[in-house]
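Protein chains in written order, with my numbering: chain L, 1 to 336; chain W, 1 to 336; chain A, 1 to 289; chain U, 1 to 508.
Hints in this document: simulated from the structure, not taken from any laboratory. Just to be clear, a hint being listed does not mean it is correct.
[Said to hold, decoys possible] Under the rule of at most 27 Å between Cα atoms (straight-line distance), these lysine-lysine pairs were calculated in the DSS-like manner:
1. A:K58 - A:K104
2. L:K201 - U:K382
3. L:K133 - U:K327
4. W:K20 - U:K327
5. U:K382 - L:K133
6. U:K223 - W:K20
7. U:K372 - L:K201
[Claimed, not checked] Taking beta-carbon pairs under 7 Å as the criterion, some of the chain W residues facing chain U (in silico):
8. T202
9. D203
10. A210
11. S213
12. A217
13. S221
14. V225
15. D226
16. R227
17. L230
[To be verified] Here's a subset of chain L near chain W, in silico, CB distances under 8 Å, partners left out:
18. C125
19. L129
20. V145
Computed from a prediction, not measured in an experiment: that's the story for all the values here. A virtual CB, placed ideally from N, CA and C, is assigned to each residue, including glycine.
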Amino acid sequence: MTTAAEGQKTTMARRPGSGKRAALIFVSRYGTIIGLLAMIVFFSIAAPTTFPTMANFLNILSQASLTAIIAAGLTYTLVVGEFDLSVGFVASFIGLIVCGLMANQGFPIPIAIIASLALGTFIGCINGLLVTKVGINAVIATLGVGTILSGIGFSYSAFPIAVGIPRDFTLISLGRIVFGVPNPVVIMFAVLAILWVVLNKTDLGQKMQAVGSNIEAARLSGIRVDRIKLFAFMTAGFCAALTGILLSSLLGSGTLGAGDGYLLNAFAAVFLGSATLREGQFHIFGTLVGVMILAVGFNGLSIFGAPTHFQPIFKGGILVFAVGLSALARRYAASS
Amino acid sequence: MTTAAEGQKTTMARRPGSGKRAALIFVSRYGTIIGLLAMIVFFSIAAPTTFPTMANFLNILSQASLTAIIAAGLTYTLVVGEFDLSVGFVASFIGLIVCGLMANQGFPIPIAIIASLALGTFIGCINGLLVTKVGINAVIATLGVGTILSGIGFSYSAFPIAVGIPRDFTLISLGRIVFGVPNPVVIMFAVLAILWVVLNKTDLGQKMQAVGSNIEAARLSGIRVDRIKLFAFMTAGFCAALTGILLSSLLGSGTLGAGDGYLLNAFAAVFLGSATLREGQFHIFGTLVGVMILAVGFNGLSIFGAPTHFQPIFKGGILVFAVGLSALARRYAASS
Amino acid sequence: DAKTLGIVALLANDALNIDVIGGATKAANAAGWDVKVIDTQASADQANAAMSSFAVQKVDAIFVLAFASSAIGSGLEAAKAASIPVATWGGEIVDGIVVTTSGKTVGKDSIDFLLSQVGDNPTEILALTFHPGKLCIDRGLAFDEGVAGKDNIHVTYHEVVVPGQVENGNAAAANWLTANPAGGDKKLAIWSCWDEPTQGAVAALRQSARDDVITVSINGSPQGVQLVKDGDMTATVWQPAFAEGEAVFQAILDAIAAGDSWEAKTVEIPGIVVTKDNVDQFLADHPAQ
Amino acid sequence: MQIRGVEKQFAGEVALRDINLDIRRGEVHGLVGANGAGKSTLIRCIAGVTVPDRGTITIDGTELRHGSPRASEAAGLAFIHQELNLVPHFSALENILLGAPKATRLLLIDWKTSGIAARAAAERVGIRFPLETRVSELSVAERWLVMISKALVRRANLIAMDEPTASLSAAESEQLFRIIRDLAGDGVAILYVSHRLDEVLDLCDRITVLRDGAIVDREVRGKLDKKGLVRAIIGHDVGHGEQRERRVVPRDGTPVFAARGVARGEAVKGVSFEVYPGEVFALGGLVGSGRTEVARLAIGADKLEAGHFEMNGARLDVADEAEAVSKGLALVPEERRAQGMLLDQSVAFNINLASLLQLRSVPGLPFVSAGKARGRAEHLMKQLAVKAPGAGAKISGLSGGNQQKTMIARWLRPGTKVLILDEPSRGVDVGAREEIHGAIRDLARNGVGIIVISSDVEELAILADRVVVLREGHVTGELVGDEISEARIIELSYMHGSEIGEPMEAKG
Ligand SMILES: Nc1ncnc2c1ncn2[C@@H]1O[C@H](COP(=O)(O)OP(=O)(O)OP(=O)(O)O)[C@@H](O)[C@H]1O
Ligand SMILES: Nc1ncnc2c1ncn2[C@@H]1O[C@H](COP(=O)(O)OP(=O)(O)OP(=O)(O)O)[C@@H](O)[C@H]1O
Ligand SMILES: [Mg+2]
Ligand SMILES: [Mg+2]
C-alpha cells in the first residue's frame with residue numbers, strides 16, 4: 001500500500017502548484033471517505049439525539065462487523081485477480097453446520113467452532129483447486145460450489161436448528177469482553193488488522209498483489225502463482241465461515257440461507273472500497289470504508305424513518321454517487 | 001490482461017496433432033455440449049415416456065427462452081469486457097412498468113411494449129454512461145442502478161398489477177403463431193440470431209470483440225471504445241426489458257421483483273457458455289448452450305422426481321463438471 | 001412527545017407484509033404513535049441489526065414480521081436490555097416477546113380444503129415450500145400434518161428459490177406437469193406456501209392449456225384473489241393480515257399497560273378460504289382488496 | 001504536417017517542450033533521442049492518444065483535433081506504436097483490418113473483398129504465415145509484421161513508426177526499409193523512430209534529435225555521422241564500444257549451464273550449447289528460429305520433449321518457473337509489458353519482486369522490511385542509472401529503456417546463477433544500451449551464466465564472447481571470440497536446410 005501511494009505523492013508534489021488539481025486529486029482519492037463523512041454529518045444533524053451517540057456508533061460497527069469480515073476475505077480473492085461468489089453460501093452453510101455440531105453431535109463450543117472454521121477453509125481450498133488446478137473460471141467454480149452447498153445445507157437441515165445450542169454460544173456475539181465493545185466488533189478489527197498486515201507487510205502479501213497485477217510476470221519471477229491463489233481462496237473460505245459462525249451466534253440458531261444476502265453486500269462494499277485511495281485496486285482499508293458506508297446508510301435511514309422504498313434508492317444512489325465522485329474527479333485531474 | 005494470458009498458451013494449435021491430443025482438444029471445446037447431450041441421453045433413458053417428448057422439449061425451450069434472452073444481452077456486456085448486475089432488476093422493473101402502462105395509463109399493447117423496451121434501453125444507456133463517461137466500475141454502477149430501480153419499482157407499485165391488463169397481452173407468450181412453437185421460443189431464436197449475426201458478422205461486432213479483448217489496441221485502431229461499450233449496455237438493457245415484458249405476459253401481471261432471480265442464472269449460463277468452443281470467450285452460441293444445460297438439468301430432475309435438495313447439488317455439480325471437463329482436457333492437451 | 005413503533009419487515013414489498021404494516025400503522029396512528037419501518041430484504045442479519053438500531057433509538061415497541069424467534073436472538077437481547085417490548089408476526093413465544101401470531105391455522109385451512117377436493121382418490125401433489133421463512137415453515141408443517149398417513153396421496157416437494165419465486169414456481173410446475181400428463185387416472189393438485197409461486201404455477205397451466213389441476217395457496221393477496229375470480233386458481237386462503245397487524249398493536253398497548261403482570265399471548269384470527277363460489281362475497285366484504 | 005509549440009507534462013514531468021517540426025510529403029524523417037526523450041509521447045500526441053497541454057498540429061493546413069485517434073486517422077495518419085497492440089484471439093487478417101473501413105454486403109462484413117488490401121500489405125512486408133492464424137499463436141516478431149501491415153493497409157499519407165525494427169531481424173528490417181523507400185517514393189511521409197542509429201542514418205532524409213523533451217538538433221542526410229548523432233542524443237561522447245577486447249573464456253572447468261539436445265515440437269529440434277562462467281554467451285538467429293522457445297524450456301515454462309539442461313555439471317530438472325527461479329535460473333522476457341512488468345505497481349515493487357525473502361526484516365518472520373526494500377531499489381536504480389522520479393513512482397510512467405533496466409535490476413541478486421536475457425536492448429537508446437551491456441558484462445565477470453538472445457546482429461557482435469546461431473530450431477554454428485562478426489552471424493542465420501543436416505556439437 002505504501003509504495004504506490006508514495007509514488008503518486010512524490011510526483012504530485014512536483015507539479016508546480018495548481019490548487020484546483022490538488023483538490024481534484026484529493027477528491028478522487030478520498031471521494032468515498034468524503035461520502036461516508038458527509039452521511040455521518042447529515043444524519044447527525046438530522047437526528048441529533050439518536051444518531052451521533054456512542055451506543056449507536058457501536059451498534060453500527062456491530063452491524064458492519066460480519067459484512068466486513070466476509071468482505072475482507074472476498075477482497076483477498078479479488079487482489080489475486082479472482083472472484084468468489086460462494087462466500088454468502090459458505091456463511092449460510094457453516095452457520096447451519098456449527099449449530100448442528102453442537103445441537104446434534106454434542107460438540108463443545110470451541111471444538112464445533114474450530115471444526116467449522118476448518119470446514120470453511122477446506123471449502124475455500126476446493127474453490128481454489130478448481131480454479132488453479134482444474135482451470136475452471138472462478139465465477140463458475142465458486143457459483144457451482146456455492147449452489148452445491150446450498151443443496152447440502154437443505155438436506156442437512158431444512159428447519160432452523162435452534163434447540164440444544166448452548167447459551168454460551170450466543171454470548172460470543174452478545175458479549176462485550178473488551179471495554180464494553182461488542183465482541184463481533186473486536187473480532188472484526190482483529191481479523192481486518194491481520195489481513196491488512198499480511199497483505200501489505202509480508203512477502204506473501206506482496207506476492208498476492210503481484211499475482212493480481214500481472215500473473216505472467218509473477219510466474220516468471222518465481223512466484224508459485226497457484227499456491228498464492230489457493231491461499232486467497234482459503235482465506236475467503238475462512239472469513240466466510242467465521243461470519244457464518246458469528247451470524248448463528250447472533251441469531252441464536254442455525255437457519256437455512258441466513259447468510260446468502262452477504263454476497264451482494266460484500267461485493268458492493270469491496271468495489272466501493274476499490275475506489276478509495278488507490279484507483280481500482282482492492283485493499284482491506286477500502287473494503288472497511290465500503291462496509292461502513294453501507295452500514296451507516298442503513299442505520300441512518302432507519303433512524304430517520306425514511307419510507308422503506310427509499311432505502312434501496314438511497315443505497316444504490318450512494319454507491320453510484322460516492323464512486324462517481326472519485327471517478328469524475330480523477331478524470332478532471334488527469335485532463336486539467 | 002489478455003496478452004499475458006495468451007502468452008503462455010504457446011505452441012498448441014500449430015503442432016501436428018496426435019490422436020489422443022486431438023481427442024483432448026475435442027473434449028476441451030465440446031465439453032459443455034457433451035455434458036448437455038449426456039444429460040439428455042441420461043434423462044431419456046431414465047424417463048423414457050415423459051422426458052424425450054416433443055411437448056417436453058418445447059416446455060424446456062419455453063422455460064429457457066426468457067433466461068436465454070437476458071443472458072444474451074449480458075453476454076454482450078461481457079464481450080466488451082464489462083459486467084451488468086442490473087439485468088435482473090431491469091427485467092423486474094420493466095415487467096411492472098409495462099403492466100402499469102396498460103393498466104393505469106391505458107396504453108395500447110404495442111405502445112406499452114415499445115415504451116417499455118425504450119425505457120429498458122435507456123436504463124442500459126445510463127449504465128453505459130456511468131461506466132464510460134463517469135468512469136465508475138461496472139460492478140458498482142450496475143449494482144447501484146439495479147438497487148435504485150428496485151426502490152423505484154416499489155414506490156411505483158408495491159402490489160402486483162393484475163387488473164386492467166388486456167387479455168391479448170398474455171397471449172403474446174401463450175400463443176403459438178409459428179408451427180405450434182410457443183412464441184417466446186420463436187422470439188428467443190430471433191433475438192439470439194440477430195445478436196449472433198451482429199456480433200460475428202458485422203463491423204460493430206468485430207469492434208465489440210476487439211474492445212473486450214484488448215481495449216488499448218481497439219482505441220489505437222480508432223475505435224470509439226466508449227460508444228461500443230454503450231451499445232453493449234443498451235443491448236443488455238433492451239434484452240432485460242424484453243425478458244421482463246415476456247415474463248409479465250406469461251404471468252398475466254406485473255409483480256415486484258419477479259425477474260430478480262434471472263441474474264444468477266444468466267451469469268451461470270453465460271460463463272458456462274464461455275467454456276464452449278472458444279476458450280474463455282463469451283459468445284452467443286455458448287450462452288445458449290449454457291442456458292440449455294441449466295434448463296435441461298432442472299427439467300430432467302423434476303421429471304425424475306429427485307428430492308428437492310438434489311436440484312441445487314445437481315445444478316452446481318453440472319456447472320463444475322461440464323466446465324471442469326473442458327478445462328482439464330485443455331490442460332492435458334497443452335502439456336501432452 | 002409521541003411514542004414510536006419500530007417495524008422490522010421481512011420483505012417490505014410483499015403484499016402480506018404491507019397489510020400487516022398497514023394494520024399496525026393504522027392502529028398505532030390512532031393511538032398517537034409514530035411508525036418507522038425497516039426493510040430487511042429477508043435477511044436475518046439485517047433484522048437483528050434493525051432491532052438493535054431501534055433499541056439504540058429507544059423506540060417504545062418493536063414489531064418483527066415473519067422471522068422465527070430463534071433467528072432474532074441478539075435483537076431480542078438488545079430490546080430486552082433497553083426494556084422494549086417485542087411483538088412478532090408469525091414467530092413464536094419466547095422470552096422477551098409479548099405477543100405473536102401463528103401461520104399454522106391458515107396452513108391447516110389450506111390443506112383441509114385441498115383434501116376435501118380430492119377425497120380418497122389417488123392424488124399427486126406438487127408442494128412448493130420455502131424453508132428460510134418462518135411463515136412458510138409453519139404453513140408447511142401444517143401441510144405435512146395434513147397429508148401424513150394418507151396412502152392415496154403422493155407429494156413431490158419443490159423448494160422455491162427466492163428471489164425469482166414466481167418464475168421458479170412457473171418452471172417447477174411446468175416440469176411437474178410434464179411428468180404428470182393430462183388424462184391420467186390420478187387427481188392432480190399444486191399446493192404452495194404463498195401466492196407468488198402459485199402465480200407462476202398458474203401461468204404454467206395456462207402455457208400448457210391444462211385445467212385438470214387443483215391449485216391451492218395461502219395469503220389471499222389481491223393477485224391471488226384475482227386469479228381465483230378469473231377461475232385460474234382453485235383457492236387461496238386469505239390471511240387477515242391487516243386485522244392481525246391491528247390486533248398485535250392493540251396487544252402491545254395492553255402489554256405495556258399491564259406491565260409485569262402481562263402474559264404473552266398468541267393472536268389468532270381465522271382466515272377465509274376464498275374460492276370461485278365465495279369470491280364475489282369476499283370482495284364485497286373486503287372492498288380494500 | 002506542421003507541429004507548432006507542442007508541450008506536454010506528465011504529473012509535473014516535462015515530456016515535451018515547445019516542439020516545432022515540419023514533415024513533408026515523400027520524406028523519411030528520423031526522430032532519435034535517448035530513452036525518455038519524448039519520442040513516443042510526440043507520436044502519441046499526433047495519434048490523438050495523448051492530449052498535449054499546448055500547441056497545434058496541422059495537416060495540409062487544417063488543424064488536427066487533439067485527443068481523437070479517429071480524427072488523426074481521418075486526416076490520413078497511420079501509426080506503428082512502440083508497444084504491441086493486437087487483439088490476441090483475432091486472426092492476423094482481422095487485426096490488420098481492425099478499425100479500418102471494410103467492404104460489406106447487407107451490413108455484413110465481406111471478408112473476401114476486404115481482405116484483398118490486407119493480403120497485399122501482408123505480402124509486401126513479407127508475411128509468410130497464413131493470415132487466418134490467430135495472433136496469439138504468432139511469435140513476437142511475427143506480431144510486429146502484423147502491426148506494420150496494419151499501418152500500411154490504411155493508405156495513409158503519413159506513417160509514424162515507433163521503433164518498428166526493435167524486434168525484427170536483419171532480413172525483416174531490410175524488407176521494411178525497402179517498403180519505406182517505396183512509400184516515400186509514392187509521396188507518403190514517414191516519421192521514423194529508432195535507436196538503431198545506423199539504420200536511421202541510412203534511411204532518413206532528415207533527422208531530428210530530441211533530448212529531455214526538446215529538439216536539440218536537426219540535420220539533413222549526410223550532415224550527421226554516427227558519432228555526431230550520439231553526441232546530440234546524449235549530450236556528450238561515449239566510448240561507443242565498437243570493438244572492445246573480447247574475452248575467450250577458457251572452457252576447461254564445468255559449464256555453468258548447458259543444453260543437451262533439447263527439443264520441443266517444431267520450434268526446437270535438438271539444441272545443445274554450453275555456457276561457461278565469466279563469458280557472455282548469446283543465441284543468434286532469425287525471427288522464429290526458436291531462441292525464445294529455448295529460453296522458455298530452460299525456465300520450465302514449457303515442457304521438454306527431449307534432451308535436458310545442466311547447471312554446474314548436474315542435470316537440471318525443473319517442473320515450473322518457480323522451481324527454476326529457486327535453483328538460480330532467471331529470464332528477462334522479450335515482451336516486458338505483458339510478461340515482465342507490474343504496470344500498476346511502483347518501480348521498487350517491480351525491482352524487489354524476486355528478492356522478497358532477502359528483504360525480510362527478521363529472517364524467519366514473513367515481514368518485508370520497507371527500509372531494506374527501498375534501499376535495495378534505490379541502490380540498483382543508481383547502479384543501472386534508472387531515470388525515474390523515485391523508487392515509489394509507478395513503472396508505467398517510465399520510458400521503455402528505464403523499464404527494461406528495472407527488469408534487469410530485478411535479477412541482480414545473490415541467488416541468480418544463470419540469467420537469460422531475451423532481447424535485452426529492445427527499445428533501448430544507445431546510452432542505456434551501453435549501460436545495460438556493462439551490467440551484463442559485470443554479471444558475467446562475477447560468475448553468473450549469461451545467455452543473451454538478440455535479433456540485433458550488431459549487438460551480438462559488440463557484446464558476446466560466444467554466439468550460437470539457430471535456424472528453424474537447429475544449431476547452425478558457433479562463433480567464438482574474434483570469429484564473431486555481423487557477417488558471420490548473418491551467414492549462419494541463413495544457412496540452408498541441406499547444411500543443417502546434423503546439429504553441430506558445441507566446440508570445446
Ligand atoms: N503515461 C505517462 N505517465 C507519466 N509519465 C509518462 C507517461 N508517458 C511518458 N511519460 C514520461 O514522459 C517522458 C517521455 O517518454 P517517452 O515514452 O515519450 O520517451 P521515448 O523517447 O519514447 O523513450 P524510449 O526510447 O524509451 O521509448 C518520460 O520521462 C516518461 O517517463
Ligand atoms: N505462441 C506461439 N504459438 C505458436 N507457435 C509459436 C509461438 N511462438 C513461437 N512459435 C513458433 O515457434 C518457433 C520458434 O519461435 P521463437 O519465438 O522461439 O523464436 P525466436 O527465435 O525467439 O524468435 P522471435 O524473435 O520471434 O522471438 C517459430 O516457428 C514460431 O513461429
Ligand atoms: Mg518510446
Ligand atoms: Mg524471441
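These are the hints, each one checked on the structure:
1. A:K58 - A:K104: At roughly 32 Å apart (the allowed maximum being 27 Å), K104 (chain A) and K58 (chain A) break the hint.
2. L:K201 - U:K382: 25 Å, holds
3. L:K133 - U:K327: Given pair K133 (chain L), K327 (chain U) holds - Cα atoms ~23 Å apart, limit 27 Å.
4. W:K20 - U:K327: Given pair K20 (chain W), K327 (chain U) is violated - Cα atoms ~34 Å apart, limit 27 Å.
5. U:K382 - L:K133: Measuring from Cα to Cα gives roughly 41 Å; hence the hint is violated.
6. U:K223 - W:K20: Given that 27 Å is the threshold and the Cα spacing comes to 64 Å, the pair is violated.
7. U:K372 - L:K201: Measuring from Cα to Cα gives roughly 12 Å; hence the hint holds.
8. T202: 6 Å, holds
9. D203: Since the shortest Cβ distance to chain U is 6 Å, the answer is holds.
10. A210: Hint on A210 (chain W): holds, closest Cβ of chain U at ~5 Å, below 7 Å.
11. S213: Hint on S213 (chain W): holds, closest Cβ of chain U at ~4 Å, below 7 Å.
12. A217: 4 Å, holds
13. S221: 3 Å, holds
14. V225: 10 Å, violated
15. D226: Violated. Min distance 12 Å.
16. R227: 11 Å, violated
17. L230: 16 Å, violated
18. C125: C125 (chain L) check fails; min Cβ-Cβ to chain W is 15 Å, beyond 8 Å.
19. L129: 10 Å, violated
20. V145: This hint holds: V145 (chain L) lies near chain W, its Cβ roughly 6 Å from the closest one there, short of 8 Å.
Hints 1, 4, 5, 6, 14, 15, 16, 17, 18 and 19 from the earlier list are contradicted by this structure; the remaining hints agree with it.
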